Amino acid sequence: MNTPELAGLTSVVRRSAVRTRSHVYICLGVVAALTTALSGCSASSSSGSGSGAPVVGVDYPRSDTDFWNSYIKYTPDFAKELGLELKTTNSQNDVAKLTANAQTFISQGVKGVAMAPQDTAAIAPTLEQLSAKKIPVVTVDTRPDSGDVYMVVRADNRAYGEKACRFLGAKLGGKGTVVMLQGDLASINGRDRTEAFNDCMKSNYPAMTVLGEATNWDGAVAAQKLQTDLTAHADIKGVYMQSSFALAGTLQVLKQRDLLVGPQDPKHVFVVSNDGIPEELRNIADGHIDATVSQPADLYAKYALQYLKAAIDGKTFNPGKTDHDSTIVKVRDGMLEDQLSAPLVTADGGSFDGVSSLKSDDKSLWGNKLQ
Numbered sequence: 001m002n003t004p005e006l007a008g009l010t011s012v013v014r015r016s017a018v019r020t021r022s023h024v025y026i027c028l029g030v031v032a033a034l035t036t037a038l039s040g041c042s043a044s045s046s047s048g049s050g051s052g053a054p055v056v057g058v059d060y061p062r063s064d065t066d067f068w069n070s071y072i073k074y075t076p077d078f079a080k081e082l083g084l085e086l087k088t089t090n091s092q093n094d095v096a097k098l099t100a101n102a103q104t105f106i107s108q109g110v111k112g113v114a115m116a117p118q119d120t121a122a123i124a125p126t127l128e129q130l131s132a133k134k135i136p137v138v139t140v141d142t143r144p145d146s147g148d149v150y151m152v153v154r155a156d157n158r159a160y161g162e163k164a165c166r167f168l169g170a171k172l173g174g175k176g177t178v179v180m181l182q183g184d185l186a187s188i189n190g191r192d193r194t195e196a197f198n199d200c201m202k203s204n205y206p207a208m209t210v211l212g213e214a215t216n217w218d219g220a221v222a223a224q225k226l227q228t229d230l231t232a233h234a235d236i237k238g239v240y241m242q243s244s245f246a247l248a249g250t251l252q253v254l255k256q257r258d259l260l261v262g263p264q265d266p267k268h269v270f271v272v273s274n275d276g277i278p279e280e281l282r283n284i285a286d287g288h289i290d291a292t293v294s295q296p297a298d299l300y301a302k303y304a305l306q307y308l309k310a311a312i313d314g315k316t317f318n319p320g321k322t323d324h325d326s327t328i329v330k331v332r333d334g335m336l337e338d339q340l341s342a343p344l345v346t347a348d349g350g351s352f353d354g355v356s357s358l359k360s361d362d363k364s365l366w367g368n369k370l371q
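Residue numbers (UniProt numbering): 1 to 371.
Just so you know, not all the hints are guaranteed correct.
Computed Cβ-Cβ distance ranges for the label pairs, DEER-style [said to hold, decoys possible]:
1) G262 - T327: 25 to 31 angstroms
2) G52 - G262: 37 to 43 angstroms
3) G83 - P206: 52 to 58 angstroms
4) K267 - D199: 46 to 52 angstroms
5) D286 - S131: 46 to 52 angstroms
6) E81 - S341: 18 to 24 angstroms
Below 30 angstroms or equal to it, Euclidean Cα-Cα: the simulated BS3-like pairs (lysine-lysine) are [as the list claims (entries may be wrong)]:
7) K330 - K315
8) K134 - K73
9) K359 - K202
10) K267 - K321
11) K309 - K321
12) K134 - K363
13) K255 - K80
14) K309 - K330
15) K363 - K309
16) K330 - K202
17) K133 - K73
18) K171 - K330
19) K267 - K134
20) K202 - K267
21) K369 - K321
22) K80 - K267
23) K171 - K369
24) K133 - K175
25) K97 - K133
26) K134 - K359
27) K359 - K73
28) K369 - K175
29) K73 - K267
30) K133 - K87
31) K97 - K73
32) K267 - K369
33) K97 - K80
34) K267 - K87
35) K369 - K359
36) K321 - K134
Just so you know, the hints here were simulated from the structure itself, not pulled from any lab data.
Note that the coordinates shown come from a computational prediction; the quantities given were computed from them, not determined experimentally.
Beta carbons are placed, not taken as given, at the ideal position from N, Cα and C, and that holds for glycine.
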């Protein structure tokens, strides 16, 4: 039934609906305009990030050692502190994966890349690709054999070998046989540590014998070769592990042979490691190993990202002392290296043939600050 009252009500509803639709269209138009404006702002951002923070890529070289896992832990914290947006990959000690990861970073529009190439010869083509895209590169812990990078962040790896040599030479009175569990001689770190240790032994302790064992940074290989050497050479009194990758296997082998005894025991085998991870520091305190060289995982993460930010900001550096207790050296044309401090760590903090050390419980060591 269509009464006058009902007709009037229908008219009011129709006018209200028209106004409502108009408001909807207007609102949709405003939203569309805002969306377009915001999209335009995002697309023109120089950082490639919706947050406005510069985007950088960090390739983790591996995650099978406590040292590199510590580096992985520190990296996001320092990225946040420096106002950087982080993209990460893990090349798992494989240069082919590192090359693929670099391509991923390029496609993500990163403004800089930090990497730690384990094969320092094979990385050259990847560096060329990044250079062609004008993407600055900072390498961490390792130095490429060729190619240009913005900065190399590492410690003086020859000093690592020298410090290990001096410690063992002093402890053993310049006599006896020591095993050197080398890293990968395809990497600059393996070569530097090996050459420096051998040179130091030859120059300062000519009566000592060094058994060099290539391990490719593989703990199982290191343990097997140490076992073989201990069987063949009864006079072995020292072990130099070029990285903590060999720690667990070395301790196991010594324990199996009843050689994991305190330093006062005549059977004690003096062990020097390299990294400064918490497990090494605990084993020094317990008398199971005797020394390590503390490689600064925290500072590697901090300064790798700080140099990437500097590269993005257009800053340049020259050789010389820094404001963070290190020295920038010119390795070759187009390559600078910031050589960070890496102290020898021992149980008593003593000096060994002119090399000073820190005690294993020193609070300044990153391995004692890691939570």
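Right, here's what the structure says about each hint:
Distance hint for G262 and T327: a CB-CB separation of about 38 angstroms, inconsistent with the stated range 25 to 31 angstroms. Checking the proposed 37 to 43 angstroms range against G52 and G262 shows it is violated: the Cβ atoms sit about 57 angstroms from each other. Between G83 and P206 the beta carbon distance is about 54 angstroms. The supplied range of 52 to 58 angstroms therefore holds. At about 30 angstroms, the CB distance of K267 to D199 disagrees with the hint of 46 to 52 angstroms.
Checked against the hint of 46 to 52 angstroms, the C-beta distance between D286 and S131 comes to roughly 48 angstroms, which is consistent with it. Here the CB-CB span from E81 to S341 is close to 21 angstroms, well matched to the stated 18 to 24 angstroms. Taking the CA atoms of K330 and K315, the gap is near 17 angstroms; set against the 30 angstroms cutoff, the hint holds. At most 30 angstroms may separate the alpha-carbon atoms for a hinted pair to count; K134 and K73 meet this at roughly 28 angstroms.
A C-alpha spacing of about 28 angstroms is found between K359 and K202, which places the hinted pair at or below 30 angstroms, so the restraint holds. Pair hint K267 plus K321 does not hold up; C-alpha atoms about 44 angstroms apart against a cutoff of 30 angstroms. A C-alpha spacing of about 20 angstroms is found between K309 and K321, which places the hinted pair at or below 30 angstroms, so the restraint holds. Proposed proximity of K134 and K363 is contradicted: the alpha carbons are some 41 angstroms apart, above 30 angstroms.
Our distance criterion of 30 angstroms between C-alpha atoms is broken by K255 and K80, whose separation comes to about 44 angstroms. Taking the CA atoms of K309 and K330, the gap is about 20 angstroms. The hint holds against a cut of 30 angstroms. Distance hint between K363 and K309 is fulfilled; the C-alpha atoms sit about 29 angstroms from each other, no more than 30 angstroms. With a C-alpha separation of about 28 angstroms, the suggested pair K330 and K202 falls inside the 30 angstroms cut-off, and the hint holds.
At roughly 29 angstroms between alpha-carbon atoms, K133 and K73 fall within 30 angstroms of each other, so this suggested pair holds. Distance restraint check for K171 and K330: the Cα-Cα separation of roughly 35 angstroms exceeds the 30 angstroms cut-off, and the hinted pair is therefore not satisfied. With a CA separation close to 58 angstroms, the supplied pair K267 and K134 exceeds the 30 angstroms bound. Pair hint K202 plus K267 holds up; C-alpha atoms about 25 angstroms apart against a cutoff of 30 angstroms.
This hinted pair checks out: K369 and K321 have alpha carbons roughly 26 angstroms apart, not beyond 30 angstroms. At most 30 angstroms may separate the alpha-carbon atoms for a hinted pair to count; K80 and K267 exceed this at roughly 50 angstroms. Of the pairs offered as hints, the one joining K171 and K369 holds, with about 29 angstroms between alpha carbons and a cut-off of 30 angstroms not exceeded. Taken as a hint, the K133 and K175 pair is broken in the structure, with Cα atoms around 55 angstroms apart against an allowance of 30 angstroms.
Of the supplied pair hints, the one linking K97 and K133 holds, its CA atoms being roughly 19 angstroms apart against a limit of 30 angstroms. For the hint pairing K134 with K359, the CA-to-CA distance comes to about 45 angstroms; that exceeds 30 angstroms, so the pair is violated. For the proposed pair K359 and K73, the alpha carbon gap of about 25 angstroms is at most 30 angstroms, so the pair holds. For a cut-off of 30 angstroms, the pair hint linking K369 to K175 is broken: about 37 angstroms separates their Cα positions.
Using a Cα cut-off of 30 angstroms, the hinted pair K73 and K267 is violated, with the two alpha carbons roughly 38 angstroms apart. With a CA separation close to 17 angstroms, the supplied pair K133 and K87 stays within the 30 angstroms bound. Among the hinted pairs, K97 with K73 is consistent with the structure: their alpha-carbon atoms are about 21 angstroms apart, no more than 30 angstroms. For a cut-off of 30 angstroms, the pair hint linking K267 to K369 is broken: about 33 angstroms separates their Cα positions.
Of the supplied pair hints, the one linking K97 and K80 holds, its CA atoms being roughly 26 angstroms apart against a limit of 30 angstroms. With a C-alpha separation of about 50 angstroms, the suggested pairing of K267 with K87 is violated against the 30 angstroms cut-off. For the hint linking K369 to K359, the alpha-carbon distance of about 14 angstroms falls within 30 angstroms, and the restraint holds. For the suggested pair K321 and K134, the alpha carbons sit about 28 angstroms apart, so the restraint of at most 30 angstroms is met.
The structure fails to meet hints 1, 2, 4, 10, 12, 13, 18, 19, 22, 24, 26, 28, 29, 32, 34 from the earlier list, while all remaining hints are met.
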